[in-house]
Amino acid sequence: MSEMTRPATETETTEFTTPPSRSLGWLFWVCVGWLGLNVLGAIFASVLPLPDPLYQNYMAINASPSLHHLLGTDDLGRDIFSRIVFGSRVSIAVGVGSMIIGFGIGAPLGMLAAYRRGRLDAILTTAMYVFLAFPAIVAVIAVLSFWTPRALAKIILVIGLASVPLVYRVIRTATMAVATKDYVVAAKVQGATDRRILVRELLPNIAPVGISFLLVGIATVVTLEGALAFLGLSVNPPTPSWGNMINESRTVMSQNPWLVLFPSLAMCLFLLCLNFIGDRLRSHFDVTEVKL
Amino acid sequence: MSLLDVQNLSVTLHTPHGDLPAVADVSLSVGAEETLGIVGESGSGKTMLARSIMGLLPRARASASGSVKLKGVEMVGARASDLRRLWATEVAMIFQDPMTALNPVMRVGRQIDETLRVRLGLSRSAARARAIELLEMVGIPSPEKRYAAYPGQLSGGMRQRVVIAMALAASPSLILADEPTTGLDVTIQAQILNLLDELQARLHTSMILITHDLGVVATRTSHLAVMYAGRIVETGTTRDVFARHRMPYTRALLESSPRVSNPAHTRLTAIPGRPPNLLRLGEGCAFAPRCGFASERCHRERPELSVPDESSHAFACFNPLEVGR
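The listed protein sequences derive, respectively, from chains B and U. Start counting the first sequence at 1; every next residue gets the next number (the working numbering). Start counting the second sequence at 1; every next residue gets the next number (the working numbering).
A portion of the hints provided could be inaccurate.
Unchecked claim - A few chain U residues that face chain B, going by a derived Cβ cut-off under 10 Å, partial list only:
| no. | residue |
| --- | --- |
| 1 | S27 |
| 2 | G31 |
| 3 | A62 |
| 4 | G77 |
| 5 | A78 |
| 6 | R79 |
| 7 | D82 |
| 8 | T89 |
Said to hold, decoys possible - Restraint ranges, calculated between C-beta atoms of paired labels, are given here:
| no. | chain 1 | residue 1 | chain 2 | residue 2 | range |
| --- | --- | --- | --- | --- | --- |
| 9 | U | E144 | B | T173 | 36 to 42 Å |
| 10 | U | R107 | B | T173 | 48 to 54 Å |
| 11 | U | R300 | B | V199 | 26 to 32 Å |
| 12 | U | D25 | B | P135 | 33 to 39 Å |
| 13 | U | P320 | B | T173 | 34 to 40 Å |
| 14 | B | L265 | U | K145 | 28 to 34 Å |
| 15 | U | K145 | B | A139 | 25 to 31 Å |
| 16 | U | G72 | B | R169 | 32 to 38 Å |
| 17 | B | R169 | U | S125 | 52 to 58 Å |
| 18 | U | S42 | B | T173 | 40 to 46 Å |
To be verified - Non-contacting residues of chain B with respect to chain U, defined by C-beta distances greater than 10 Å in every case (computed):
| no. | residue |
| --- | --- |
| 19 | V184 |
| 20 | V185 |
| 21 | V189 |
| 22 | Q190 |
| 23 | G191 |
Read the hints as simulated data drawn from the structure, not as lab findings. Virtual Cβ for every residue (Gly too), placed ideally from N, Cα, C.
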C-alpha cells in the first residue's frame, strides 16, 4: 500500500480544519426560545397554575391587566392569559398537524416525481397544477362550511390536504435541481438503489429548503386558522383559539381594546419568530457554493 | 473475447429541435488491462458514448441502437436491475468535475462506504477500514482524518482522488474516466493522471480515458479513437495515430496542441470553422467544410471507416494524408 502513496504536494497539504461554525445570531435563539415557550405552554397548559379558560367570572368583566388577571379578562370575565395559552393549542395543532399532512403526502410525491421524471412526473404535476388553479382558501372554506360538526381533526385534515400541491411543487423543484447532479449519478452507478438515492442523497440536500418552507407553511396555516375563526369556521366556541379570541372580541373592541390586542400580539410574535427562524436557517444552510 | 465490445452503437437524442445523432455507428473494443483513449472536440459525442457504455442514457430523451457488451453482457436496453449488478463491480465511472461528483452533505468516507456495503456486503466496520485503505491508496494523507471530512473541506485535487477511490471501491474490471482532469488545476492534472496510471497497472483494470487533450492520452493509452461529429474518424494504436495518422482531422487536432519543442512565440494552429451542428449534418464527410483536403466527393458522400490494417489502424477519409509526412 505504502509504495503507492505519493507524497502530497504543496497545494494539497492545506491544513484540514473544520470551518468555524457560523453564528445564527442571538435573535435567532430568542425566537427559538419564544417558540419553545409557546409549545411548552400548549402542551402543559392543563397542569400549569392557570385559571380555567372557560370559567366566567362575572365579578371581573372586562378587567384590565392586573396581578390577578395577568392580561385582564374578556367581556364574559374569562382570563385572557389563560385563554391565550390554551388557545395556542389549537393554533399550534392546526399549524403543525396540517403541515405534517401536507409534507407527509406532498414531499415524497414531489421527490419521487422529480427523481423519476417521465410519465409519473407528468401525471402528478398536471394533477397538482389543476388543484393549484383553485383558490385553496375558498376550497377550505367551502368544505369546512358543509362538513359539520366541526372538529379540530377535520380542520387539520382539510388544510393539510389543501397544502399538498404547494408542498409538492416546492419539493419537486428543489429535488430537480439536485437530482441531475453528478453525485446522484455517481451514487447510482456505484450501485445505490433508488430508495437509497432518495433518502441518502436527495433528502439531505433538499432538507434546508424543506425545513424553511415547513416553518413558513406553519406560519401561514396559523394565520389561516385565524381567518377561518373570523368566519366562524374554526373550532366551536367556547374553545379558545387565537383566531376565535380575536373574532369574539371584535364587537367589544372599542370598550376593551386589550381583548383584541393580546391574542393578536400572541399570534403576531409566534408568526414573526417562525418566519425569522425559517429565513435564518435557509441562509445558514445555503452551502451550495462550495468554497475552495 | 475482449472485455468491452461496442458494435455499431448509435445514440439519438430527442431534442425539441429534432433528433440529434450524438453517437453514430461507433464500434470499438477494449481488452483486459488495455487503455483506450477517446479524443475529440467538445460536442463530438465522447460523453454520450461514455454514458451509453454505462447504460446511463435518459430513457425518455435518448434512444440507442447497436450493442455494448461488457464481459458478454448486453448493456444497451438492459434493465436497471441488471445494470446495477454490473455497476461498480464491473464498470465504474470517474466524473469530470470533482466539485459536483461528491455529495456536499455527506462525509467523504461514507460515500465510499456506501458502495462497499451495498455492493460488496461488507459490515460497517469492515467498510470503514476498507474505505480508509482506499483513501490511502489514492494518495490522501492522514486518511483516517479525511474519512470524516466533508467534500467542501477538501481541495479539488483531493476531491478527485476521493472520486477515484469511490470508483475503485468494488474493484471494477473497466474504468470509464470522462475527462477526469478537466476541472482541475494544470499542476494537479498530471498527478491525478499518474495516479490513475499507477492504480490501473496495480489493479489490472482496463480503462477508457476520454479527453480533448492529446497530451493526456499520448503516453497513457495503448489505443486511440478520434471522434468527430459522433463518429470515430480514425482509430489505431496510440503510436500509429500519432505517427502515421491519415485523417486530416487528426492532424488538425495534433497541430492545435502546443508543443514544448516549438520555438517561442509559435502561433498555435487552430482548426478553422466550427464543429458541425449535428441537427443539420449533410450527406458528406462532417469534417469536409473545415478540411483543407476536401474534394467534391467529400461533400457528397461520407467516407466509411477503412478496413483496419494489421495493426488495427483505420481511418475514414477519401483523401488520406501521406504517411510519415
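Range hint 28 to 34 Å (beta carbons of L265/B and K145/U) holds or violated
Violated, since L265/B and K145/U (Cβ atoms, about 51 Å apart) do not stay within the stated range.
Next on the checklist: Less than 10 Å between beta-carbons is the criterion; does S27/U satisfy it with respect to chain B?
Outcome noted: With a closest approach of 23 Å, the S27/U hint is violated.
* Range hint 33 to 39 Å: satisfied by the CB atoms of D25/U and P135/B? -> 56 Å, violated
* Just checking, V185/B versus chain U, shortest CB gap more than 10 Å? -> 7 Å, violated
Does the nearest C-beta of chain B fall within a distance shorter than 10 Å of the C-beta of R79/U?
R79/U check fails; min Cβ-Cβ to chain B is 13 Å, beyond 10 Å.
Could you let me know if the closest chain U CB is still more than 10 Å away from the CB of V184/B? 8 Å, violated
**Study point:** Cut-off 10 Å, beta-carbon criterion: hint that G31/U touches chain B
**Key:** This hint is violated: G31/U lies away from chain B, its Cβ roughly 22 Å from the closest one there, beyond 10 Å.
Compute the least Cβ-Cβ separation between V189/B and chain U, then decide whether it is above 10 Å. 5 Å, violated
Quick check: does the Cβ-Cβ distance between K145/U and A139/B fall within 25 to 31 Å? 55 Å, violated
Exercise. How does the Cβ-Cβ distance of R169/B and S125/U compare with 52 to 58 Å: does it lie in that range?
Worked result: 43 Å, violated
**Asked** Should the hint that A62/U touches chain B count as held when the rule is a Cβ pair under 10 Å?
**Response** 13 Å, violated
Lying within 40 to 46 Å: is that true of the beta-carbon distance S42/U to T173/B? 29 Å, violated
Of the numbered hints stated above, those contradicted by the structure are hints 1, 2, 3, 4, 5, 6, 7, 10, 11, 12, 13, 14, 15, 16, 17, 18, 19, 20, 21, 22, 23, listed in ascending order.
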